[in-house]
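K.L.:
For reference, the chains in residue letters:
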Amino acid sequence: MIPNRKKYLKQQAQNGQKIMGVLPALYPRELLWAFDILPAEIWDPPGDILRANAHLQATICPIVKRGLEFILKESASVNAGYLFPHTCDSLQNLATQVKDLIGTSQPVYTFYNPKAQFNKTTRRYYLDLLQDFQTTLETKFGPLNRAKLMAACELGSKIDIRWLTLQNARRADQLELTNPEYFQLVRAGEYLKPEDYLTLLNQVEVQAGPVHQSNRRLLLSGILPPHEETLSFLDELSVTIVADDLLSGSRRFPITQLDTPVDPFEYLTDRHFLLPPCSTRASNLKERIHHLQKMISESQVHGVLFNIIKFCEPELFDHRFLVKTLKQNRVPLLSLETELLPGISGQDRTRIEAFIEMLDEQVSG
Amino acid sequence: MSLVGKLKYQFMKDIGAPALMSLKDLKQHRKRPVSPAFGPPLKTNKRLKEILSRHYFLARYVPGAKQVAWVTSGAPVELLRAFDFYTIYPENHSALVGAKKQGADYCTIAENDGFSQDLCSYARIDLGHMLSGKTPAGKLPKPDLLFCSNNICQTVLYWYKAIAHELDIPLIHFDVPFVAVEQSEADVRYLAQQLLDMIPILEQFTGKVFDLKQFEIILKRSQESSQTWGKILELMQAKPAPMTIFDAFGHLAPVVSLRGLPVAQDYYDLLLKEVDERVNKGIGAITNERYRLIWDNIAVWYQVRYLATFFAERNMNFVTATYTNAWAETTGYLDIKDPWSSMAKTYGQIILNNNLKHRLGLMRKMIKNFGVDGMVMHSTRSCKPYSVGQFDLRKALSAELKLPAVIIDADIADERVWSQQQIQTRLEAFCETLEDTTLG
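Residue numbers (our numbering), protein chains in the order written: chain A, 7 to 371; chain B, 13 to 452.
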């Protein structure tokens with residue numbers, strides 16, 4: 007049973023838990039845990055966008071708008087500030103807009119994610135960034151307990167390992183989870199305390215063999231999974247999403263299993279640079295294409311579903327190249343565009359149905 | 013590089029280009045009527061056209077003679093100059109396409125090939141050019157190398173990454189951390205080290221040895237050009253202002269795309285002299301300057317003439333802009349004795365890579381120093397770092413300085429986004445408010 011996000015965070019706040027609202031996407035979560043801060047990630051909070059429209063243009067992506075709408079509501083669940091990792095131009099500016107122009111009762115923190123290719127210089131800089139972030143947090147939350155950081159890294163490592171196991175099990179049809187259930191599980195990591203999340207992941211049963219033989223297997227790519235109704239609709243059509251290339255999903259977990267942490271900062275740096283290729287980190291396109299193709303091949307999917315957030319520049323640039331390559335390789339694909347509105351539109355239903363029909367013809371033909 | 017290619021290029025540089033420029037002089041251009049609201053045009057305009065035409069003309073003869081790099085406007089091009097690259101600025105080229113009102117055509121080529129209409133129009137135009145070879149500049153040489161810095165936006169990085177992939181050529185990226193509060197020692201160290209790391213890569217790529225002395229000369233020239241450009245802009249504090257910001261949008265080209273070359277410095281010396289003379293003689297860019305305005309964001313390239321005329325006919329002159337100031341603002345950090353760290357500071361703290369508190373302070377200062385009465389903000393869908401935050405900047409400045417302000421929603425180079433009636437109505441309402449406020 008996955009705890010409801012809102013209720014869980016409210017309960018945690020009432021228990022005196024420090025909670026930091028974290029905008030997408032990549033940040034050293036273990037460092038926050040070591041300061042006894044629970045990161046509550048803000049990706050697509052539900053509800054209408056009202057006040058944010060007075061601060062942002064119509065052509066700004068809905069993640070940014072929803073993030074600002076949430077901040078403007080001054081949620082009681084967020085009591086330890088907001089963290090804006092450096093993800094894209096819009097989130098970069100939103101951080102300073104909130105901090106320097108709009109104002110909020112909570113402190114605003116930022117964390118830069120290097121965009122350069124991995125090398126000695128980038129690695130050294132990431133270590134410096136961790137050190138600077140630690141210093142910043144210490145001014146507000148007191149000195150860092152190194153033992154706690156070590157324990158946080160160990161916990162993070164266990165989550166990563168368990169996650170890899172579940173990912174592989176999903177590919178092998180060994181999880182008895184519907185599409186919405188699977189992504190609820192993935193996304194519970196956005197707000198659960200790490201020990202609660204690990205317990206939850208450990209509760210998921212991995213069957214010895216395939217629980218069903220899915221003939222309609224898809225890989226999902228994009229920033230976020232589609233709305234729950236779309237995921238349910240895919241279930242109705244007997245479509246299983248067996249693998250993901252989502253920023254909110256597998257792109258935040260290392261490609262390979264890391265060694266047991268010895269030095270926390272070294273471990274966090276290794277972890278960051280072992281994340282899969284991603285548009286927001288400006289990964290090389292060849293690497294991104296190769297990674298996607300590898301996932302397609304390993305997970306034996308019949309097609310790819312792209313869930314594209316409207317106005318998301320990093321993803322839109324890569325999308326053209328991913329689509330082109332997949333088409334050349336005759337991989338069936340469907341691109342849906344979303345403004346993160348609830349439900350599923352009639353048009354999307356029709357497009358998905360048509361896509362699945364086409365998929366069936368290809369599989370049987 | 014071939015000997016024939018080099019000889020051909022040298023011939024064109026020494027004889028072909030000057031001859032062509034002379035021919036252009038002889039050619040009678042049909043002059044478009046100019047509103048009497050404008051003062052006499054700058055004589056230096058002619059020289060600007062010559063320089064830019066020559067640059068694009070010579071570009072055709074570069075393959076085989078020099079290596080070509082496509083560069084972003086905020087990248088530390090001085091390093092490439094030390095290796096004698098011929099540099100092309102796709103942003104500049106896209107602005108040129110936009111100014112010729114051909115942006116939509118190029119964008120459509122990119123869109124038909126799968127690029128989203130929601131992407132930056134500079135990028136779409138450039139990708140459209142890359143896919144079709146079309147250009148109003150005759151012919152652009154294909155790049156051997158790409159050099160980009162995300163100090164102006166992350167978009168250029170995605171865009172250059174796309175070109176690098178498509179053309180299968182190397183991309184050198186100067187990763188510049190955003191200044192959320194202030195530049196840290198770690199940031200400076202990271203930036204300086206990246207520059208140092210580039211040297212062996214460029215040496216290997218070009219087969220040339222890096223010459224520090226030569227580099228220092230280039231850096232000094234670059235600094236001087238930026239400083240002279242800054243002086244020219246400062247002269248617009250004079251009343252009446254000797255040129256409009258729409259003039260400055262054009263005169264900006266050399267400091268963006270020819271920075272570090274003698275031609276840029278010579279040009280700005282000439283422009284400074286003329287602008288200074290105009291100030292001394294009281295020659296204004298418009299004949300009856302009653303209101304002075306600030307422009308925020310990149311130009312609407314396909315409507316420069318319309319906007320210039322619209323405001324000039326209402327006795328309003330744009331005397332300053334955050335955009336034109338960007339190539340002068342941080343040049344003071346440059347120190348030839350400490351090139352790497354000082355370049356880190358210069359290139360790392362430019363307006364678009366700096367927080368909005370900084371931008372607010374800068375705009376406040378500009379409004380005061382230039383005696384500004386009103387503000388026009390161009391909210392462009394192509395540029396997120398420039399546009400996200402504008403609503404609150406406007407609110408803050410209007411409240412604090414009682415400054416009439418308007419935001420127009422348009423785009424830098426895709427003319428399909430322009431809504432004439434809506435924008436004209438907004439601008440007319442703004443002008444009325446400005447006149448009322450001043451009268452009141």
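Hints may contain errors.
Dumping the calculated DSSO-like pairs for lysine-lysine here, alpha-carbon to alpha-carbon at most 30 Å [what the hints assert, rightly or not]:
| no. | chain 1 | residue 1 | chain 2 | residue 2 |
| --- | --- | --- | --- | --- |
| 1 | B | K357 | A | K121 |
| 2 | B | K18 | A | K126 |
| 3 | A | K121 | A | K13 |
| 4 | A | K146 | B | K357 |
| 5 | B | K43 | A | K330 |
| 6 | B | K369 | A | K146 |
| 7 | B | K18 | B | K251 |
| 8 | B | K154 | A | K292 |
| 9 | B | K220 | A | K79 |
What the hints contain is simulated information worked out from the structure, not anything from laboratory work.
K.L.:
Looking back at the hints listed earlier, which ones does the structure fail to meet?
P.N.:
2, 3, 5, 7 and 9
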